[in-house]
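Going line by line, the protein sequences match chains F and B.
Using our numbering, the letters of the first sequence correspond one by one to residues 49 to 319.
Using our numbering, the letters of the second sequence correspond one by one to residues 49 to 319.
Keep in mind that the hints were calculated from the coordinates and are not lab data.
Built from N, CA and C at the ideal position, the CB exists for glycine as well.
Check each hint, because a few of them may be wrong.
[Unchecked claim] Derived CB-CB ranges, DEER-like:
hint, chain 1, residue 1, chain 2, residue 2, range
1, F, T251, B, Y118, 38 to 44 angstroms
2, B, Q128, F, I73, 22 to 28 angstroms
3, F, V79, B, D293, 42 to 48 angstroms
4, F, D250, B, D267, 45 to 51 angstroms
5, F, V79, B, S295, 57 to 63 angstroms
6, B, Y118, F, E129, 20 to 26 angstroms
[To be verified] Calculated lysine-lysine pairs in the DSSO-like style (CA-CA distance at most 27 angstroms, straight line):
hint, chain 1, residue 1, chain 2, residue 2
7, F, K247, B, K207
8, B, K247, F, K154
9, F, K218, B, K211
10, B, K203, F, K218
11, B, K247, F, K218
12, B, K226, F, K203
13, F, K279, F, K219
14, F, K218, B, K207
15, F, K211, B, K81
16, F, K154, B, K81
17, F, K219, B, K207
18, B, K247, F, K207
19, F, K125, F, K99
2 protein chains.
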Amino acid sequence: MNALEKIISKNEDNKFICVGLDTDINKIPSVIKNEKDAVHFFNKKIIEATKDSVAAYKINFAFYEVLGPYGFELIEKTLQEIPSEIFVIADSKRGDISNTSEMYAKSVFEYFNFDAVTVNPFMGFDSIEPFLKYENKLTFLLGLTSNQGANDFQKLEIKSGEKLFQYIIKKSIEWNYKFKNCGLVFGATNLEELKENIKAFDTLPILLPGVGSQGGSFDDVVKLFKSFHRKNFLINLSRSIIYKDQSLNFDVAARLEIIKLNNIANQIFSD
Amino acid sequence: MNALEKIISKNEDNKFICVGLDTDINKIPSVIKNEKDAVHFFNKKIIEATKDSVAAYKINFAFYEVLGPYGFELIEKTLQEIPSEIFVIADSKRGDISNTSEMYAKSVFEYFNFDAVTVNPFMGFDSIEPFLKYENKLTFLLGLTSNQGANDFQKLEIKSGEKLFQYIIKKSIEWNYKFKNCGLVFGATNLEELKENIKAFDTLPILLPGVGSQGGSFDDVVKLFKSFHRKNFLINLSRSIIYKDQSLNFDVAARLEIIKLNNIANQIFSD
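Here chain F stands alone, though its shape is the one from the complex (with noise of 0.2 angstroms):
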C-alpha cells in the first residue's frame, strides 16, 4: 500500500484520529518520569493501547528535536513501534530551495521512511517539488494553519480577491494533477471557514489540526466531511488524547477517548 491507500482504507475502516505524538517530558504522568527513556515508555504504551483505532500518528518534530541527537533517536525508536499499515506522519513543517528540500525529504521519506510529511510551502513549487517526487509518499502543504497568526500573511486578500490561503489551495490542486500525492493542511479551529472552503480541496487528502485543546468540535467536522462524502481526511488530536490523564492509566484513557470519538464518527457515518 502507497500513503494514499493506507489513508484511505483506515477512512473505510471508519477510522479518522491521527494522535499527534507531540510528546513533552514535562506533560507526561509524573509516575512514569523517572522511567528509562520515558519519551519513549510513554509513546510505546500510547501506540500500544490506540493502534487499533487510530488512522494515523504525526510526530512533531519540535518536540523531539529540543532534546538533540536523542531526540531523533526516540523518533526512530518511536516509528519502531508503529504497525506498518498505520499511517505515520512527519510533521516537521519544512521546505528551502530545491537542493536543500531534497536533503529534508530524503531525511523524512529514505531516512526515518515516514508515509507523509508537512510542508510549509512558503517558498513556492522548486521547494515543495523534491517531496512529491516520492511517489509513493503523500506530502501535506500547509493551506490555513489553526494558529492565531494564520490572519498575519495567510488570510491577507491578493489582488485576485481571493485569500492567500485560497491561492496555495489552488496552486496545490495544480502540482497535484503531475504528482497525485499532494494533501493539504486546514486547521478545523473555525467550522465556518472549514465550510465554505471545503469544495475547493477536490480530492486531495485533508489533514485538520485546531480540534480538541484548540477548540474546534470533532463532531462538526466528521459531519461536515460525511455532507460532502468524503473519506479521505484525517483530525489530528494531541494533547487531547495523549494528557487526557495523568495516572499510570494515561494509555488507557487515551484509548477510550479514541474509541468513543470512533463511535461518533461511525454513527455519524451511518446516519
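Given the coordinates of chain F, work out where chain B should sit on it, guided by the hints.
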C-alpha cells in the same frame, strides 16, 4: 556580546562573509570520503582554515538531518570547532504554532546554543514570537528567498498594492520594535530587487543568500550596502567556498577565496 553585537563587530572589522556549511558527503573531496567522520573532518578543516576570515557560519540543518541522530551529533561537534566570538546561524527555516515553535526555539537556542536562526514567517506572529523571546539571539525571518519558487507566493501582489514579501518586511520591522532582535533573509540573486527594497529593511540585519553558485554578484552586493552606509549584513556563500577545490587542499582553497573576497569588500568600503 549578544548576537547583534557579534554581527556588528565582525562587519566593523570588514568581515561580511557567512560560510554555509551545507556539507554533503557526496560532494566533499573524494580523497577524504573514507576518513572516519568524514563530514566532521571536512567541517573542522574548513573552520580551522577560515575562522579568522569569516563573520559567520551557517549550518543548513537539512544536510545533517538526512543522516538521522548522527547528523544532529555532527551539528554539535561542528559547533564545538567554532570560536565563540564567531556568529553561528541555525539555517533550519522553522516555524509552527506557538507551543511547537517554543520547542524549536529551545532546540536551536538552548540545546545547540546558536546565535541566530532562520524562521519561515508564513504561520504568523505567534509562530515567530517564541524565537524573538530570546533577547540575546537573532531571528532572521524569510523576506524574499533566492530561489525560483519565490515568484509563486512571496511576490504575489496583495490588496494594498505591495508584494507579500514587502508586507512581511514591514511586519518584521514592527515586531522588531519590541524585541530588537529581528533580522531578514533577502535573496541577492537579483540586484535590482535588492536595490529597490534595501531602504525598507530599516536597520534590520540582513542575511543574503543567492550569491555565488546561485548567481548573485558579491562585489555588487557589497557596493550597494556601502552606498547605503550599512554595516549589518552577511553575505552567505556555501558551495562556491566549501567545494571550491576537490583536492586535499580544499581548506586552503576556501581560505584563499574568502581572503580574496574580503579584500574586495575592504577595497569597496575604503573607496
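Going through the hints against the structure:
1. At roughly 39 angstroms, the beta-carbon separation of T251 of chain F and Y118 of chain B lies within the given 38 to 44 angstroms, and the hint holds.
2. For Q128 of chain B paired with I73 of chain F, a C-beta distance near 25 angstroms keeps the hint of 22 to 28 angstroms intact.
3. The given range of 42 to 48 angstroms is broken by V79 of chain F and D293 of chain B, whose C-beta atoms sit roughly 58 angstroms from each other.
4. For the hinted restraint 45 to 51 angstroms between D250 of chain F and D267 of chain B, the CB-CB distance of approximately 48 angstroms keeps it satisfied.
5. Checked against the hint of 57 to 63 angstroms, the C-beta distance between V79 of chain F and S295 of chain B comes to roughly 59 angstroms, which is consistent with it.
6. About 21 angstroms separates the C-beta atoms of Y118 of chain B and E129 of chain F, a value consistent with the hinted range of 20 to 26 angstroms.
7. Distance restraint check for K247 of chain F and K207 of chain B: the Cα-Cα separation of roughly 24 angstroms lies within the 27 angstroms cut-off, and the hinted pair is therefore satisfied.
8. Proximity of K247 of chain B to K154 of chain F is assessed by CA-CA distance (about 39 angstroms); at most 27 angstroms being required, the pair is judged violated.
9. For the suggested pair K218 of chain F and K211 of chain B, the alpha carbons sit about 19 angstroms apart, so the restraint of at most 27 angstroms is met.
10. For a cut-off of 27 angstroms, the pair hint linking K203 of chain B to K218 of chain F stands: about 17 angstroms separates their Cα positions.
11. For the given pair, K247 of chain B sits about 34 angstroms from K218 of chain F by alpha-carbon distance, which is inconsistent with the 27 angstroms threshold.
12. Restraint check: the Cα-Cα separation between K226 of chain B and K203 of chain F comes to about 24 angstroms, which is no more than 27 angstroms; the hinted pair holds.
13. A threshold of 27 angstroms between alpha carbons decides the hint, and for K279 of chain F with K219 of chain F the separation of about 22 angstroms falls inside it, so the pair holds.
14. Among the hinted pairs, K218 of chain F with K207 of chain B is consistent with the structure: their alpha-carbon atoms are about 18 angstroms apart, no more than 27 angstroms.
15. Restraint check: the Cα-Cα separation between K211 of chain F and K81 of chain B comes to about 49 angstroms, which exceeds 27 angstroms; the hinted pair is violated.
16. This hinted pair checks out: K154 of chain F and K81 of chain B have alpha carbons roughly 20 angstroms apart, not beyond 27 angstroms.
17. Of the pairs offered as hints, the one joining K219 of chain F and K207 of chain B holds, with about 19 angstroms between alpha carbons and a cut-off of 27 angstroms not exceeded.
18. For the given pair, K247 of chain B sits about 24 angstroms from K207 of chain F by alpha-carbon distance, which is consistent with the 27 angstroms threshold.
19. With a C-alpha separation of about 16 angstroms, the suggested pairing of K125 of chain F with K99 of chain F holds against the 27 angstroms cut-off.
Going through the hint list in order, the structure does not satisfy hints 3, 8, 11, 15.
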